[in-house]
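J.: Residue numbers (our numbering), protein chains in the order written: chain S, 1 to 622; chain Z, 1 to 165; chain V, 1 to 100.
Treat the hints as calculated values from the structure; they're not laboratory data. C-beta atoms are modelled at their ideal positions from N, C-alpha and C, and glycine is treated no differently. Wrong hints could be hidden among the right ones.
[Stated by the list, open to error] Using 27 Å as the maximum straight-line C-alpha spacing, the simulated DSSO-like pairs for lysine-lysine come out as follows:
(1) S/K519 to S/K381
(2) S/K449 to S/K519
(3) V/K96 to Z/K26
(4) S/K558 to S/K449
(5) Z/K26 to V/K99
(6) S/K375 to S/K519
[To be verified] Calculated Cβ distances over 10 Å to all of chain S for the following chain Z residues:
(7) P80
(8) T92
(9) R112
[To be verified] Computed spacing ranges between beta-carbons, pair by pair:
(10) Z/V5 to V/W53: 21 to 27 Å
(11) V/L97 to Z/A2: 54 to 60 Å
(12) S/I571 to Z/I94: 48 to 54 Å
Spelled out from the first residue to the last, the chains are:
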Amino acid sequence: MTIPVLAWTILLAPLAAAAVVLLFGLHRRALSAGAAILGLLTSFACTVTLFLRSQHGGPLHLPLEASIEWIALPGLRIPFGILLDPLSILMTLVVTGVGSAIFIYSTGYMAEERAYSRFFGLLSLFAFSMLTIVLATNWVQLFIGWELVGFCSYLLIGHWYERPSAADAGKKAFMVNRVADFGFMLGILSLWAVSSPIAADRTFHFQTLASRLPEHVAAGVIPAHVLPWIGLLLFCGVAGKSAQFPLHVWLPDAMEGPTPVSALIHAATMVAAGVYLLARNFWLFEAMPSTLTVIMWVGVATAFLAACLAMAETDLKRILAYSTLSQLGYMVMALGLGGAAAGMYHLTTHAFFKALLFLGAGSVIHGTHEQDIRKLGGLAKTMPVTTATFLVGSLALAGVPGLAGFFSKDEILVLAKEHNAAVYILGTVVAGMTAFYTSRLFITAFLSKPHGHGSHAHESPLVMTGPLVCLALLAVAGGYLGIPHYLGEPHGAFHWDVALLSIGVVAAGGALAWLIYWKQAVSAQAIVAALALPSTFIQHRYYIDAFYSWYVTEVQQKVLAGLCDWFEQRIIIGLIVNGIARATALLGSLVRRLQTGLVQAYVLLFLVGVIWVLAAFVEPGW
Amino acid sequence: MAEAVSFYTFTGIMLMAACSVVANRKPIYSVLSLLVVMFCLAALFVMLGAYFIAALQVLLYAGAVLVLFLFVIMLLNLQPDDAHRAFTMRRTGIVTCLVFFFLIFRILSRHRFEPPLSALAPADSTVESVARLLFTQYVLPFELASFIILAAIVGAVTLSKQRAE
Amino acid sequence: MITLNHYLSVSALLFSIGLMGVLTRRNVLMVLLGIELMFNAANLSFVAYSRAWGDAGGQVVVFFVIIVAAAEVTVGLAIAVQLMRQFRTLQTDEIKLLKW
Numbered sequence: 001m002t003i004p005v006l007a008w009t010i011l012l013a014p015l016a017a018a019a020v021v022l023l024f025g026l027h028r029r030a031l032s033a034g035a036a037i038l039g040l041l042t043s044f045a046c047t048v049t050l051f052l053r054s055q056h057g058g059p060l061h062l063p064l065e066a067s068i069e070w071i072a073l074p075g076l077r078i079p080f081g082i083l084l085d086p087l088s089i090l091m092t093l094v095v096t097g098v099g100s101a102i103f104i105y106s107t108g109y110m111a112e113e114r115a116y117s118r119f120f121g122l123l124s125l126f127a128f129s130m131l132t133i134v135l136a137t138n139w140v141q142l143f144i145g146w147e148l149v150g151f152c153s154y155l156l157i158g159h160w161y162e163r164p165s166a167a168d169a170g171k172k173a174f175m176v177n178r179v180a181d182f183g184f185m186l187g188i189l190s191l192w193a194v195s196s197p198i199a200a201d202r203t204f205h206f207q208t209l210a211s212r213l214p215e216h217v218a219a220g221v222i223p224a225h226v227l228p229w230i231g232l233l234l235f236c237g238v239a240g241k242s243a244q245f246p247l248h249v250w251l252p253d254a255m256e257g258p259t260p261v262s263a264l265i266h267a268a269t270m271v272a273a274g275v276y277l278l279a280r281n282f283w284l285f286e287a288m289p290s291t292l293t294v295i296m297w298v299g300v301a302t303a304f305l306a307a308c309l310a311m312a313e314t315d316l317k318r319i320l321a322y323s324t325l326s327q328l329g330y331m332v333m334a335l336g337l338g339g340a341a342a343g344m345y346h347l348t349t350h351a352f353f354k355a356l357l358f359l360g361a362g363s364v365i366h367g368t369h370e371q372d373i374r375k376l377g378g379l380a381k382t383m384p385v386t387t388a389t390f391l392v393g394s395l396a397l398a399g400v401p402g403l404a405g406f407f408s409k410d411e412i413l414v415l416a417k418e419h420n421a422a423v424y425i426l427g428t429v430v431a432g433m434t435a436f437y438t439s440r441l442f443i444t445a446f447l448s449k450p451h452g453h454g455s456h457a458h459e460s461p462l463v464m465t466g467p468l469v470c471l472a473l474l475a476v477a478g479g480y481l482g483i484p485h486y487l488g489e490p491h492g493a494f495h496w497d498v499a500l501l502s503i504g505v506v507a508a509g510g511a512l513a514w515l516i517y518w519k520q521a522v523s524a525q526a527i528v529a530a531l532a533l534p535s536t537f538i539q540h541r542y543y544i545d546a547f548y549s550w551y552v553t554e555v556q557q558k559v560l561a562g563l564c565d566w567f568e569q570r571i572i573i574g575l576i577v578n579g580i581a582r583a584t585a586l587l588g589s590l591v592r593r594l595q596t597g598l599v600q601a602y603v604l605l606f607l608v609g610v611i612w613v614l615a616a617f618v619e620p621g622w
Numbered sequence: 001m002a003e004a005v006s007f008y009t010f011t012g013i014m015l016m017a018a019c020s021v022v023a024n025r026k027p028i029y030s031v032l033s034l035l036v037v038m039f040c041l042a043a044l045f046v047m048l049g050a051y052f053i054a055a056l057q058v059l060l061y062a063g064a065v066l067v068l069f070l071f072v073i074m075l076l077n078l079q080p081d082d083a084h085r086a087f088t089m090r091r092t093g094i095v096t097c098l099v100f101f102f103l104i105f106r107i108l109s110r111h112r113f114e115p116p117l118s119a120l121a122p123a124d125s126t127v128e129s130v131a132r133l134l135f136t137q138y139v140l141p142f143e144l145a146s147f148i149i150l151a152a153i154v155g156a157v158t159l160s161k162q163r164a165e
Numbered sequence: 001m002i003t004l005n006h007y008l009s010v011s012a013l014l015f016s017i018g019l020m021g022v023l024t025r026r027n028v029l030m031v032l033l034g035i036e037l038m039f040n041a042a043n044l045s046f047v048a049y050s051r052a053w054g055d056a057g058g059q060v061v062v063f064f065v066i067i068v069a070a071a072e073v074t075v076g077l078a079i080a081v082q083l084m085r086q087f088r089t090l091q092t093d094e095i096k097l098l099k100w
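Next comes chain S alone, as it looks inside the complex (with noise of 0.2 Å):
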């Protein structure tokens, strides 16, 4: 198979998977749930080989382009195709291999629903979404996979529509991303604009743009102060996407749609793509101090704030859910911080082992049927490989020495300390409360007695068990992988101060969790009580969805809505359609005065034409 066609079966294979499902398979389970995985295993498959390829002395050269003409028009050029290099090979590893676990996992997650098919052709469609954003050449096709990924989240996460709580956080997880892209279609319009002072010559174009930019930002074509602001237009679609504060309000919501899409959409795949967005134009963000600065902090304030309200949560996914909003926080923090590699570094280690928590967690809501964490209890008994790939992965998550998690963290953590020493403190605050919520999480659901349906848990199938372990075993070996280098980043010297500290921190929040929630040797309410006013602040959510509930219905539906409505009431109905219907009916009601109904009156009309005639023909002049 040549390399062009390998690409394109990237690419197409997922779309053409959703095509016979929605169109032949949606009363025949074993046909959709065959070709999604068919479809995306294939993708990984190319996905495997060209990296292979690319290999040291193989054929493979990157960057490599193949890409067809979408829109050719004079000063307009957009191409879709696929664009491979390092970042983009390692992302749709990243996507379809745990993509196919996920796909794998769901075959037993979702073997009693009655919509299995459509799931699965979501998903499918989904996974053509997610990977026209990673392979796109262009911030078109980037936009166009972007949009694309928004509506199949609105589409899964509302997967059981019946539920009011689940259209309605579909729709507020659209609502949201829209009001991102917004700005974020400024930015790419923006960028577009400045790329050449001569219209014809303006692209879309990534690799075009960054061989270009640079020399024109030297040169002065393009004024220097334009650009951080097309930066932060850009990164408005970023704290969108990734859910950065604050525009992180869709994500917990998100909650409602099925495990395996919270695992593979918002834990895995789609919420990462800001972040890859941002390592995909680094170059251009590299340019801007100031826009670097802003991402940097909007990213701690997001890491922070969320690992506050994770340790707070009480919902199982809730907390996996805050948990992804910190981690992501880092990823943002990272890019803000110059390190694209180590952004992307910690992405696909948290792909790993956020994916494996929540196919963990899929799998205990499958056996027990229960979220609330207070409720469960016991599970190590009843199911134990769940158990202890759920002990991975929070392992992993914590910044446990040795995992995935540890290695990607503190990369960061190095970053941070050279950097700004407010944001290290805070980056090292959150990884103690990261490890506190982890473990508070596994001793209280797993550990403890059984307070509930826990003792009548049984294990899970075959089919989610093994992807679960697949999954462990990568949060285990992802540090090793030599991701770092692959992309780019010299091997550094190891800092054993940064990494002697997060240890540190990371025991302290294990032990003091295990003192509260094991040994029940500190009571949680006390404290609580005791911080009274963050606390009530925290459980409000910060009163941030109050504000944007306020927000709409107030100012939005009272005054811009009522404003619009009062002008397509009056002027557009009123004047324009009604008007023009009243004009007609006067005009007619004039014209019709000529039917009289006596003949004298047509015999009058004649003669009065006769005169006319008679006056400009025959004695013109009168």
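Fit chains Z and V to the known structure of chain S by using the hints.
T.: Same frame as chain S, but now just chains Z and V:
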């Protein structure tokens, strides 16, 4: 001289009678005024030397057509109407007709026909000459005229039939 | 001293008077009388021209006009009788089927 006197006399009577046709509220009076118009017109025809046509005018028009009118008016027993019921669009009608008349008058006065008609040789207008034209040059319209009359008769009879209830 | 113009002016005047009768009278039969006046005006015009050009053709035309006028009056009056039967009135503004 004599010619001018007779012309103006007959014209004057004719026009007054015409006004009576149009303005009179009683239908019988209108028809009888029209009769006067016909006779004056016949006199004018005689002055113009068209004897045959003058005779036809009196015979056909005055004798047949107006009699038919009188019959119908008496059949329908038309009563004289009040003024507001007799006329419609009076002012509009008068104005438009005046405009029309002045327009035609201007068109006609463009050309001055100098010789008085009495000075011209009378056309060959005995019965014989008119008949000669009728039966040679205009024989087709002559035959078709009989068709028109036939159509009129059939139409009138059909239209006047009472429904056989 | 009576030239062609005199006769033509008389014809025009007679025509206008007939026209006014057509336009103004409400009774259908009066309208027909106005039409008769207009016919006669035309006849006068034809005969005057016939004398002016010395062509008897004008009189032949008048012959035909009289015949056609007679036929038309016949049918017209028959229609008027039927109108009277249908609408019980001969007023032109009442003989109509329009609603307004």
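J.: Against the range 21 to 27 Å, how does the distance between the Cβ atoms of Z/V5 and V/W53 compare: consistent or not?
T.: 26 Å, holds
J.: Are S/K375 and S/K519 close enough, with their CA atoms no more than 27 Å apart?
T.: 18 Å, holds
J.: Between V/K96 and Z/K26, does the CA-CA distance stay at or below 27 Å?
T.: Within the cut-off at roughly 24 Å; holds.
J.: Given the hint that S/K449 pairs with S/K519, test it: the Cα-Cα distance must not exceed 27 Å.
T.: 12 Å, holds
J.: Just to be careful, I want the Cα atoms of Z/K26 and V/K99 compared with a cutoff of 27 Å; is the pair within it?
T.: Violated - the C-alpha atoms of V/K99 and Z/K26 are around 31 Å apart, more than 27 Å.
J.: Taking 54 to 60 Å as the stated bounds, is the beta-carbon spacing between V/L97 and Z/A2 within them?
T.: Taking Cβ atoms as reference, V/L97 and Z/A2 lie about 57 Å apart, which means the hint holds.
J.: Is the Cβ of Z/R112 more than 10 Å away from each Cβ in chain S?
T.: Consistent with the label, Z/R112 stays out of reach of chain S, its closest Cβ about 16 Å off (over 10 Å).
J.: Take the C-alpha atoms of S/K519 and S/K381, compute the straight-line distance between them, and say whether it is at most 27 Å.
T.: 20 Å, holds
J.: Does 48 to 54 Å hold as the CB distance between S/I571 and Z/I94, or does it fail?
T.: 50 Å, holds
J.: The output says Z/T92 does not contact chain S. Does that hold with a beta carbon cutoff of 10 Å?
T.: At about 7 Å from chain S, Z/T92 fails to clear the 10 Å cut-off, so the statement is violated.
J.: With 10 Å as the threshold, tell me whether Z/P80 passes as away from chain S on beta-carbon distances.
T.: Given a closest Cβ separation of 20 Å, the condition holds.
J.: Assess, step by step, whether the Cα of S/K558 is no farther than 27 Å from the Cα of S/K449, and give holds or violated.
T.: 52 Å, violated
Violated hints, listed in ascending order, are 4, 5, 8; each of the other numbered hints is respected by the structure.
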